[in-house]
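S.K.: Letter by letter, the chains look like this.
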Amino acid sequence: MNEMQEQFVAEARELVHQATDDLMAIERSGFEVERIDRIFRAFHTLKGSAGVVDLPAMGLLLHAAEDLLAAVNAKKRPVTTALVSEALQCLDQVSSWVDAYEARGALPAQAGELARSAALRLRAFLSDTTPSGAGATAQAPAWVTALVDQVSASDRSSKVLLALAYVPLPGCFFNGDDPLGLVAKIPDLLALSVEPREAWPPLVDIDPYACNLRIHAIAAATRDDLAAVFRLVPDQIEMFDVPPLAAATAADSKPATLLDDIIGCQIAMLENAQAHDNLYGRYGSAARAAANALRHFARNDLASEVEAALQRARVQQSSGPVLETLRDLTTRLVTPLASAEQGQNGAPAAGRSLRIDEARIDSLFNLSGELIVAKNGLAHLTQRVEAAVGDGDLGRNIRTATENLDRLIAEMHAAVLQLRMVPVSLLFRSFPRVVRDIALRLDKQVELTVKGTTTECDKNLVERLFEPLLHLVRNAVDHGIESPEQRRAAGKPEQAHITLEATRAGDRLAIDVRDDGRGIDPAAIRAKARERNVMAPEDIDALSDDQSIQLIFSAGLSMASAVTDISGRGVGMDVVRNTVEQLGGRTTVTSTVGAGTSVRLDLPVNVAMSQIMVVAAGGQLFGLPMDVVSETVRLTPDRVSQIKTNRGFVLRDRIVPICALAEVLSLPGRPKDAQATPLLVVVETGGKIVALEVDAINDRLDAVLKPMQGLLANARGYAGTTMTADGRVLLVLDLKELLS
Amino acid sequence: MATAETKGRRARILVVDDSSLVRLYYLSALEKAGFVVEQAINGIEATEKVLDQDFDVLIVDVNMPGMDGISFVKDLRRRNEDVAALPVLMITTEAGEQDFADARAAGANYYLVKPVSEADLIRHVSALAGWAR
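Line by line, the protein sequences are chains A and B. So that you can map any letter, position 46 of the first sequence is 46 in our numbering, and since no number is skipped, the others follow by simple counting. Our numbering runs 740 ahead of the 1-based position in the second sequence.
Hints should not be assumed to be uniformly reliable.
[Unchecked claim] Simulated crosslink set (DSS-like; lysine-lysine; CA at most 30 Å straight-line):
#1 A/Lys159 to A/Lys75
#2 A/Lys75 to B/Lys854
#3 A/Lys375 to A/Lys459
#4 A/Lys75 to A/Lys47
#5 A/Lys159 to B/Lys854
#6 B/Lys772 to A/Lys492
#7 A/Lys451 to B/Lys772
Simulated from the structure, these hints should not be mistaken for lab results. Since this is a predicted model, take the numbers as computed values, not measurements.
Can you make the complete structure from the sequences, with help from the hints?
M.R.: And the structure:
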């Protein structure tokens with residue numbers, strides 16, 4: 001794949017995402033000039049790019065979709081859910097073709113056929129539902145929008161307006177026409193502009209007998225009124241309907257103008273006659289409001305300028321500096337805002353960025369991992385040198401040098417990890433669409449709120465968490481949220497709410513999926529668990545409500561009353577938990593019947609670096625991943641109880657079985673009675689809690705796990721290897737696999 | 741999606757209106773959007789709250805018994821403390837030019853005409869509070 005093709009793939013994906021977001025936004029909020037325009041442009045650009053990389057099928061499909069959107073743009077078609085669905089479907093097709101193109105450099109064989117039938121469907125959709133007669137209204141040209149701004153808001157909202165373009169023939173004076181006389185007769189004329197039809201020639205060449213005018217007018221008149229006035233020159237006029245005010249305010253309210261507007265208001269306030277009182281409250285609040293608004297629209301540079309002006313104003317005790325700065329800003333704001341706004345809607349507006357191939361970052365990451373291992377060896381060597389040479393300068397210097405190296409390597413590793421950090425918005429961005437589609441299919445009204453999208457985490461997490469989250473979100477819409485009728489009956493608003501939120505606390509990332517649906521009934525879960533024999537009946541009876549609802553993560557337990565194709569057939573929640581645990585995280589669910597359910601995925605931000613506890617068992621050293629270790633305990637013999645053939649002990653109201661690690665690993669252990677006070681490491685994984693008996697607990701180390709390679713690659717029960725401080729290879733156990 | 745923070749904390753809004761219904765309407769809209777909201781029933785109570793607590797934006801109705809919105813803002817702007825410079829979003833009942841001129845003269849930073857839609861309220865308050873986006 002050459003560079004241009006790569007560029008096409010990347011750009012197409014971005015455009016598809018952006019158009020998807022915009023389509024869903026107009027579905028919610030209705031016609032919005034700016035968004036429709038952007039959607040239209042996205043389709044248009046996609047069509048053009050498809051032509052560049054020679055994908056005629058994609059071009060054909062997009063062309064049909066573009067026509068549909070042109071109709072929306074011209075207001076011949078209202079924005080309906082059906083229309084948005086058509087457009088989204090088209091984007092889905094494009095997106096799957098882009099994937100195919102990236103993988104194989106070509107579209108699937110049947111693409112042409114698919115494109116033709118999809119294009120036919122789009123066109124049928126367009127012609128079927130075009131309101132009859134609407135085609136008669138020509139699309140209003142740009143000047144209408146410009147001119148209509150001169151009309152006061154009250155006139156615009158209270159009257160039906162018509163725009164008129166009158167271009168008199170050059171020889172009209174000889175026909176006895178009086179263009180200005182006609183214009184003067186326009187009933188209820190609200191706005192007028194007169195401009196030359198062609199640029200004025202030099203004075204000497206002007207023909208005063210030839211009319212060179214183009215007249216644009218807005219009037220609160222009917223077509224018939226205007227036609228009557230211009231009845232002698234019908235060939236020289238054109239009439240357009242003026243879009244109603246609703247659409248115009250939507251255009252007015254785009255963020256860029258809100259900023260202009262707010263700054264304009266501050267200037268107006270300061271220019272007010274009474275403003276010469278030079279009250280701090282007045283110019284101070286103007287500066288604060290303007291600076292806040294600038295910050296809000298990510299123009300922090302300009303906000304600082306305003307704040308600096310405020311400082312000067314305070315010194316001079318005059319509103320002058322603030323007023324001047326604000327006036328100056330209005331002239332500078334016009335153009336750069338477009339790009340700033342782009343940043344808000346598209347990818348995060350970063351500084352300058354550099355695109356790097358993932359593989360290069362991964363190799364840098366591996367090297368940095370090996371560097372840590374090498375450093376661990378050096379630390380051991382340093383200790384030996386120190387022991388050998390005693391307290392002399394040499395020992396001290398070597399220690400200092402090692403410590404410096406330590407720090408630098410740790411910093412470098414952190415920097416490399418930072419390279420792998422991506423915002424979770426990449427993970428979250430498909431979910432609004434997912435929720436929309438499922439909700440539509442199930443006839444539910446669901447609003448999804450996405451929070452904390454700028455939170456960053458390792459790219460590995462983003463890649464691996466998508467499936468589990470998809471599952472949770474689908475579940476929430478499908479099972480969690482009630483039907484609108486049920487919600488009404490329960491006294492809840494019909495519109496349900498799902499929140500997807502990422503938060504970061506230290507090196508942990510928490511992702512919450514919350515819904516305000518029916519909640520999970522612990523009794524129903526217990527009944528289901530009994531029915532499906534998930535665990536022994538007496539164990540089920542012993543469960544608290546809170547423990548019961550955690551059972552939704554057990555394999556084979558689904559609370560769907562009916563099997564649907566949306567959230568599968570009772571598989572899934574266990575997969576969610578497994579995936580999260582593989583990433584070193586935990587899954588918890590909390591729920592209140594009638595009020596909703598919340599699932600939290602709690603994960604380490606960096607999946608790559610693991611904390612390892614080194615333990616001895618059966619005469620060897622093993623590493624245990626710290627994230628499954630909940631505590632270490634040394635037991636007196638009287639606390640160990642014999643339960644049938646197994647041993648166990650009670651830890652805070654829970655019975656924890658004891659397993660000797662050596663036994664689990666089939667190593668020759670010490671005779672059991674030799675250890676009167678067993679040393680236990682309590683580990684919690686896969687929903688199980690077990691105390692592992694070990695001979696000794698050595699130390700902890702931060703390590704990057706290397707996967708098992710070569711002959712050992714298939715050995716079960718090992719998460720990987722790492723190097724101990726003295727350079728020995730340490731096997732790190734995968735306790736989940738080992739204990740299952 | 742906006743984060744609910746400005747200067748690292750949630751933005752605090754004071755709603756000044758004599759109608760409890762109107763206050764409730766603003767309150768629920770603002771809280772849903774992540775703001776922390778306090779209420780006052782007229783200019784007198786608003787002055788007490790402003791002197792006592794930190795706010796980022798004041799939303800002020802014009803017509804209120806006791807002390808109306810215009811007098812409240814005029815008085816606020818004349819104070820010497822930092823509270824004098826609090827951004828004020830004034831809600832007027834009429835869209836007349838004179839109403840805007842009065843609000844401007846008093847020292848309001850922005851004005852919206854009743855009825856204010858939830859979306860408009862949040863958009864304007866977010867901007868005036870300098871909410872990070």
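S.K.: Tell me, which hint numbers fail for this structure?
M.R.: none
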